[in-house]
Amino acid sequence: MPNYYQPEIETASREEILAIQNEKIVKQVKHVYENVKYYRDLMDAKGVKPEDIKGVDDIKKLPFLSKADLRDAYPYGLLGTDLKNCVRIQSTSGTTGKRVVAFYTQHDIDLWEECCARAIVAAGGTNEDVCQVCYGYGLFTGGPGLNGGSHKVGCLTLPMSSGNTDRQIQFMMDLNATILCCTPSYAAYIGETLAEKGFKPSDNKLKAGIFGAEPWTEEMRRSIEQSLGIKAYDIYGLTETSGPGVAFECCAQSGMHINEDHFYAEIIDPETGEVLPEGSKGELVFTSLDKEAFPLLRYRTRDICVLTREKCACGRTHVKMSKPMGRSDDMMIIRGVNVFPSQIETVLLNEGYTPNYQIIVDRVNNSDTLDVNVELLPEQFSDIVAENQKKEHALEVAMRTMLGIGPKVHLLPPHSIVRSEGKAVRVIDKRKLHD
Amino acid sequence: MAIQQISVFLENKEGKLAEAIKAISGANVNIRALCVADTRDFGILRLITSDNAAAKAALIDTGAVLVTDVIAAKMEDSAGALSKILNILAEAQINIEYMYAFTGAADLGAYVVLRVDNTPAAEAILKAAGIATLSDEDVKAM
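Chains A and B, in that order, are what the protein sequence lines are.
Here the numbering used here is used: the first residue of the first sequence is 1, the next is one more, and so on.
Here the numbering used here is used: the first residue of the second sequence is 436, the next is one more, and so on.
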């Protein structure tokens, strides 16, 4: 049986949702134009006035905001209200440049936590559940978001924060946690550690997990579900829009419902900025419809995904987004086909390889070439040449199926791909396309 | 008797083979026999050594190291000796993945190293045909 936290809005008709969005966007654009000089300047430069925005159909007239704008406007440039009305900040880790600092009024916190509460209820949560939150608490939005959502649902909340796996497991077993919230990689690690300690999946009381904040594959979902004996649900969000809960998975486990009464989603062509029709793959853009303190309009997430309004088995009517398939800034166009490193990584993980790989794109005789170097684990190589070549060929076939174009795969010994500090260099593009 | 062969998976790149051999010499291991298979992307260095454990430890940082069982069969140093061994294996429908030959330092005997798809069966058949094969102890003492 599907459960809803706010059934009237979560199952509202398309017309009702549209009416809410149209009303909110008119107010929101006016609010931003009056209070955020940075965005007012962008609108003026584009010749767009608040009166031009009469509903969500007019959102496409508004200028985009990008990560670069957030850097330029740091820290107060995009603030939409007096600091005296703000009660909280959250911040990104700043791994890809300057930190993003987002501000919240109490109204903003409430709507964020409501979104997280919808996600928890969609995963089967009720006030009888014990919800173990092992996302980090603090500046990171994961812990505070799910913590707030768990309170709203009325779960007994275990505010564990991340790390200290022995303690996580002790609380999980002693206090009969039924819902686990953390990153998918940490869920997988907890599963492994439980097995090492001799616990079977049926020894814990967990029934569901809400996992997000990093990319994960369907294979990883199945493996976590098995190791913990649960249903694993995806959750999506970013600090710029509030945090986790912008979109969440329901019992159908086939894409995440975007909370459309608060966030308007568009898919655009990352090259041209043109809005693409429903069902197209492109960059996800969010417009916050009713946030006060950090009201971003047309924020480019750089996540590539697909939106669908097909009827969902859970009864929710809000648009669904696919798992992000990559980042627009990672996208390569090879022989006219869009290719993401994440697709290649998915194939490698599916076929049992490590995610230690390097993609080399080049242009030979006016034709693009795609080479993928893949590190083998010591136990994966054979002393027989043909056996290794069979592995290369199998990977080439799997990648061609996934990408639509055929790469050349090269197997390498362990540790032959240079690790840089922090993030690995995944793509080397040798094409000189911009002389 | 099967013997142990050490295989190293190397990047097909200048200096990689030198690096691997240097690692072995640093461990004071003597190479009895070797064979290199090369492909576009990688090379496989296969070694019969005087001390497999030491060789493996020395090579572990240079590439992936694998220990497999191979057969080292003694041949008469005369025309037709290898052909005889291969015919015996062919008749028993044993597939040879690869092979290479070497000469024993002490006895100056001719040996062929065989990597086959069914080592125990190949051993039994060669033994029944009166063909001597080396053991790890024999290799060590060579």
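Quick caveat, the hints were computed from the structure, so don't treat them as lab data.
The model shown is predicted, which means the values in this text are computed figures rather than measured ones.
One should not assume that every hint holds.
On the chain B side, residues computed to face chain A include the following (Cβ under 8 angstroms) [said to hold, decoys possible]:
#  : residue
1  : LEU445
2  : GLU446
3  : GLU449
4  : GLY450
5  : VAL471
6  : THR474
7  : LEU501
8  : THR503
9  : GLY515
10 : ASN530
11 : GLU532
12 : TYR535
13 : PHE537
14 : ARG550
Pair by pair, the computed Cβ-Cβ distance ranges are [unchecked claim]:
#  : chain 1 : residue 1 : chain 2 : residue 2 : range
15 : B       : THR474    : A       : GLU196    : 53 to 63 angstroms
16 : B       : GLU449    : A       : ILE360    : 14 to 24 angstroms
17 : A       : ASP329    : B       : ASN465    : 14 to 24 angstroms
18 : B       : THR474    : A       : GLU219    : 44 to 54 angstroms
19 : A       : TYR189    : B       : SER518    : 24 to 34 angstroms
Just so you know, even glycine gets a beta-carbon here, dropped at the ideal spot from N, CA and C.
Each hint tested on the structure:
1. A distance limit of 8 angstroms between C-beta atoms decides the matter here; for B:LEU445 the minimum to chain A is near 6 angstroms, and the interface restraint holds.
2. Annotation: B:GLU446 was flagged as interfacial toward chain A, and the flag holds, the nearest CB pair being 5 angstroms apart, inside 8 angstroms.
3. A distance limit of 8 angstroms between C-beta atoms decides the matter here; for B:GLU449 the minimum to chain A is near 14 angstroms, and the interface restraint is violated.
4. Annotation: interface hint on B:GLY450 violated; nearest CB of chain A at approximately 12 angstroms, more than 8 angstroms.
5. Among the interface hints, the one on B:VAL471 is violated; its C-beta lies about 11 angstroms from the nearest C-beta in chain A, farther than the 8 angstroms criterion.
6. A hinted interface residue such as B:THR474 counts as satisfied when its beta carbon comes closer than 8 angstroms to some beta carbon of chain A; here the least separation is about 6 angstroms, so the hint holds.
7. Of the supplied interface hints, the one on B:LEU501 holds, with its beta-carbon coming within about 6 angstroms of a beta-carbon of chain A, less than 8 angstroms.
8. Of the supplied interface hints, the one on B:THR503 holds, with its beta-carbon coming within about 5 angstroms of a beta-carbon of chain A, less than 8 angstroms.
9. Interface hint status for B:GLY515: violated, as the beta-carbon distance to the closest one in chain A is roughly 28 angstroms, over 8 angstroms.
10. Checking B:ASN530 against chain A: minimum C-beta separation of about 11 angstroms lies over 8 angstroms; hint violated.
11. Interface hint at B:GLU532: satisfied, since its Cβ lies 5 angstroms from the closest Cβ of chain A, which is below the 8 angstroms cut-off.
12. Annotation: interface hint on B:TYR535 violated; nearest CB of chain A at approximately 12 angstroms, more than 8 angstroms.
13. The beta carbon of B:PHE537 is not positioned within 8 angstroms of any beta carbon in chain A (closest approach about 17 angstroms), and the interface hint is therefore violated.
14. Here the hint on B:ARG550 is kept, as its CB sits about 7 angstroms from the closest CB of chain A, short of 8 angstroms.
15. Checking the proposed 53 to 63 angstroms range against B:THR474 and A:GLU196 shows it is violated: the Cβ atoms sit about 39 angstroms from each other.
16. For the pair B:GLU449 and A:ILE360, the beta carbons lie near 18 angstroms from each other, so the given range of 14 to 24 angstroms is met.
17. Checked against the given bound of 14 to 24 angstroms, the beta carbons of A:ASP329 and B:ASN465, roughly 54 angstroms apart, lie outside it.
18. For B:THR474 and A:GLU219, the hinted distance range of 44 to 54 angstroms is not satisfied, since their beta carbons lie about 30 angstroms from each other.
19. Our hint of 24 to 34 angstroms for A:TYR189 and B:SER518 is violated, since their Cβ atoms are close to 58 angstroms apart.
Taken one by one, the earlier hints fail for this structure at numbers 3, 4, 5, 9, 10, 12, 13, 15, 17, 18, 19, listed in ascending order.
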